[in-house]
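Trainee: The primary structure of each chain is shown beneath.
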Amino acid sequence: MAKFEPVLFARIQKNDSQALAGYRADGGYAALKKALGMAPADVTTMVKDSALRGRGGAGFPCGLKWTFLPKDHPGPIYLAVNADESEPGTFNNRILMEEDPHQLLEGIAIACHAIKSNTAYIYLRYEYGRSYRVLDAAIKECYAAGLLGKNILGTGFNLDVHLHRGAAAYICGEETGLIESLEGKRAWPRIKPPFPAVEGLFRKPTIVNNVETLCCVTHIVYRGVEWFKSMGVPPDPNNPRDPGSYGPKLYCVSGHVNKPTCVELPMGVTARELIDEHAGGVWKGRKAKAVVPGGISMGFLSAAELDTPLDFAGPGKAGCLGLGTAAVVVVDDHTSMVEVLYNCCRFMSHESCGQCTPCREGTSWMTRILERIRTGNGKVEDLDLLMEVAGSMGIIPGTTICGLSDGAAWPVKNAIQKFRGEFEEFIRTGQKLRGPAEALMAAH
Amino acid sequence: MPALSPELKKKIEEVLPKYPNKQAATLPALHLVHDAHRSVSPEAIREIAQILELRPAEVYDTMTFYGFFREPDNPMGKDRVWVCRSISCALRGGEELLAGLCDKWSMHPGETSPDGRVSLEYAECLGVCEGAPCVLVNDECYPNQTVDSVAKLVSK
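Read top to bottom, the protein sequences are chains R and D.
Sequential numbering of the first sequence, starting at 2, is according to the working numbering.
Sequential numbering of the second sequence, starting at 709, is according to the working numbering.
Be aware that a few hints might be false.
Here are some of the chain R residues that sit facing chain D, going by a computed Cβ distance under 8 Å [claimed, not checked]:
(1) Gly185
(2) Lys186
(3) Cys253
(4) Pro261
(5) Thr262
(6) Val332
In silico DSSO-like links for lysine-lysine, alpha-carbon gap of 30 Å or less [what the hints assert, rightly or not]:
(7) D:Lys812 - D:Lys860
(8) R:Lys230 - R:Lys117
(9) R:Lys433 - R:Lys380
(10) R:Lys151 - R:Lys193
(11) D:Lys726 - R:Lys205
(12) R:Lys433 - D:Lys812
(13) D:Lys730 - D:Lys719
(14) R:Lys141 - R:Lys151
(15) D:Lys718 - R:Lys186
(16) R:Lys288 - R:Lys49
(17) D:Lys786 - R:Lys186
(18) D:Lys717 - R:Lys186
(19) R:Lys72 - D:Lys726
(20) R:Lys151 - R:Lys230
(21) D:Lys730 - R:Lys186
(22) R:Lys288 - R:Lys419
(23) D:Lys726 - R:Lys186
(24) R:Lys193 - D:Lys726
(25) D:Lys730 - R:Lys117
(26) D:Lys812 - R:Lys285
(27) D:Lys717 - R:Lys141
(28) R:Lys288 - R:Lys414
(29) D:Lys730 - R:Lys141
(30) R:Lys186 - D:Lys812
(31) D:Lys860 - R:Lys151
(32) R:Lys205 - D:Lys719
(33) R:Lys285 - D:Lys717
(34) R:Lys141 - D:Lys719
(35) R:Lys117 - R:Lys151
(36) R:Lys193 - D:Lys730
(37) R:Lys141 - R:Lys186
Now the in silico label distances, taken between C-beta atoms and shown as ranges [unchecked claim]:
(38) D:Lys726 - R:Ile396: 46 to 56 Å
(39) R:Gly150 - D:Pro851: 48 to 58 Å
(40) R:Leu434 - D:Ser821: 23 to 33 Å
Read the hints as simulated data drawn from the structure, not as lab findings.
Quick caveat: nothing in here was measured; it's all calculated off a predicted structure.
Yeah, the Cβ is synthetic: ideal placement off N, Cα and C, and Gly gets one too.
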């Protein structure tokens, strides 16, 4: 196999990698020019043929999503770029936006041509102030250079791109929560169907795509379908519904490793390779106890499961919810899983939007039960109670509107199934944990 | 005396053409007012609602959903310091950092220093996990922070 060359991160180390001049000198906007010379449907077919799957967490085939738009719609059709990256452990989109904004803007323009949209909104989480300033400058450069606005590159194609800042709420990363938030409302996810492609932003057909997904679109148009499919993991022949996991992927590695990093690799690298070969190994000479495969919503791999390939299908085979955002978080063997799970549950309880009772109450009760356990007041039966609550919430049991709840339940299910012995011992021996900021945060 | 200055009103009106309806400018308007006033008062909400052709309750509903915007009984200090407590930071001392800052400044998370200089808060994942523990000062994130380095950032 040929040596892997990063493309998404090819420019991020360059001086002034954000500037349009450098981007164009490196061949930037050639893909847009090529796409604008193609019929929109042909661009969609190309992306469909590449089998590109969404990088934001759900892994839905991108080109297929585009085909769900109503045919011959009078418009407007919108593109909403999901730049609300908030899944704990995930920071790949931040690097893409801060270091190479034109790669994203080119992908946005190509996608808008393909879906016949003249307006794109980038929904950017408020915390990414640097991304905001870099993208704002890059958008202005594009308008000045005729790459956005009216009659782009003399082709008659018009496109406006607007930046829209969120206000620090995880739920805005859920595509219909994002749409509601963009409309100026509380970010309560919508019941689906209708899916956004049929009725989305401002009740018009809308495609919601992740930042990294759109950056991949740029390279698929520039380098071709064959290039994209030359790396990654082909479909499982025994699973007719598996579209495979092709292309490059940005893997984040954080937590207890020597060198936390974000690295671009072909889909399907194992957690062990990521930790040992790309993140300098587990810190302090310790061993990994548990590894989050793709943001905390995906659950945990145990130390025995580190050879799991991190493609779209891999983590699921090890009992995790999926690949998620491919954000790997390493927990060393000196750390209590009680504390780790408490942290995950507290996050989800804080970020539940409160719309569906099983999620609002479930995340809160799971946090309270874990609080009871970690302060030395737990019972072994509490573990079964946690499993019962976790099993009752989410799209999978059919009790909630969006998947936040499945993502809240999964770390609980995985932790108790895979580390039950540790939880039981913790409870039986009357251990207690109290974080340093505990008393201070109680009032909050 | 109106709550919003003519300049602020103008800035809000400049946002409107980005969207096909006025309600979509709710978050941008709230950000503009919050940045300038360090809180959003009921009077400001009424004036935002007037510009956006909404009921004040609609603006207030959206505003309070996010937990981001302060009200006048607890306004934001000059600098907002958010300390990440989510998993990647918690594994590398994020909570110790927050506790250390609480101790140094004699504050609890959510409070503002008596001189109005600093508001200290915990944050959920700030997306700078390669630099854990990280701290957001207003909207600029700083990786690999200690109590002393945060204190220096804020004293600038």
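Trainee: Next, verify each hint and record whether it holds.
Mentor: Comparing the hints with the structure gives:
1. Gly185: holds, 3 Å
2. Lys186: holds, 6 Å
3. Cys253: This interface hint holds because 6 Å falls under the 8 Å limit.
4. Pro261: holds, 4 Å
5. Thr262: Where the cut-off is 8 Å and the nearest Cβ of chain D is about 6 Å from Thr262 (chain R), the hint holds.
6. Val332: Interface hint status for Val332 (chain R): holds (7 Å vs cutoff 8 Å).
7. D:Lys812 - D:Lys860: Cα-Cα ~12 Å, so holds.
8. R:Lys230 - R:Lys117: holds, 26 Å
9. R:Lys433 - R:Lys380: Within the cut-off at roughly 13 Å; holds.
10. R:Lys151 - R:Lys193: Given that 30 Å is the threshold and the Cα spacing comes to 34 Å, the pair is violated.
11. D:Lys726 - R:Lys205: Satisfied, since the Cα-Cα distance of roughly 16 Å is no more than 30 Å.
12. R:Lys433 - D:Lys812: Holds - the C-alpha atoms of Lys812 (chain D) and Lys433 (chain R) are around 26 Å apart, at most 30 Å.
13. D:Lys730 - D:Lys719: holds, 14 Å
14. R:Lys141 - R:Lys151: holds, 14 Å
15. D:Lys718 - R:Lys186: holds, 22 Å
16. R:Lys288 - R:Lys49: Violated, at about 41 Å.
17. D:Lys786 - R:Lys186: Given that 30 Å is the threshold and the Cα spacing comes to 28 Å, the pair holds.
18. D:Lys717 - R:Lys186: Roughly 21 Å separates the two Cα atoms, so the pair holds.
19. R:Lys72 - D:Lys726: holds, 26 Å
20. R:Lys151 - R:Lys230: violated, 34 Å
21. D:Lys730 - R:Lys186: holds, 12 Å
22. R:Lys288 - R:Lys419: holds, 17 Å
23. D:Lys726 - R:Lys186: holds, 16 Å
24. R:Lys193 - D:Lys726: holds, 27 Å
25. D:Lys730 - R:Lys117: holds, 24 Å
26. D:Lys812 - R:Lys285: With Cα atoms ~29 Å apart, Lys812 (chain D) and Lys285 (chain R) stay inside 30 Å; holds.
27. D:Lys717 - R:Lys141: Holds. Lys717 (chain D) to Lys141 (chain R) sits at ~24 Å (cutoff 30 Å).
28. R:Lys288 - R:Lys414: Roughly 23 Å between the alpha carbons, so the hint for Lys288 (chain R) and Lys414 (chain R) holds.
29. D:Lys730 - R:Lys141: holds, 23 Å
30. R:Lys186 - D:Lys812: violated, 39 Å
31. D:Lys860 - R:Lys151: Measuring from Cα to Cα gives roughly 47 Å; hence the hint is violated.
32. R:Lys205 - D:Lys719: holds, 27 Å
33. R:Lys285 - D:Lys717: With Cα atoms ~55 Å apart, Lys285 (chain R) and Lys717 (chain D) exceed 30 Å; violated.
34. R:Lys141 - D:Lys719: Since the Cα atoms of Lys141 (chain R) and Lys719 (chain D) sit roughly 18 Å apart, the hinted pair holds (cutoff 30 Å).
35. R:Lys117 - R:Lys151: holds, 14 Å
36. R:Lys193 - D:Lys730: holds, 25 Å
37. R:Lys141 - R:Lys186: With a Cα-Cα distance of about 28 Å, the restraint between Lys141 (chain R) and Lys186 (chain R) holds, given a limit of 30 Å.
38. D:Lys726 - R:Ile396: 46 to 56 Å: violated, 33 Å
39. R:Gly150 - D:Pro851: 48 to 58 Å: Since Gly150 (chain R) and Pro851 (chain D) have Cβ atoms about 36 Å apart, the given range 48 to 58 Å is violated.
40. R:Leu434 - D:Ser821: 23 to 33 Å: About 30 Å separates the Cβ atoms of Leu434 (chain R) and Ser821 (chain D), which means 23 to 33 Å holds.
Hint compliance for this structure: hints 10, 16, 20, 30, 31, 33, 38, 39 are not met, and every other hint is.
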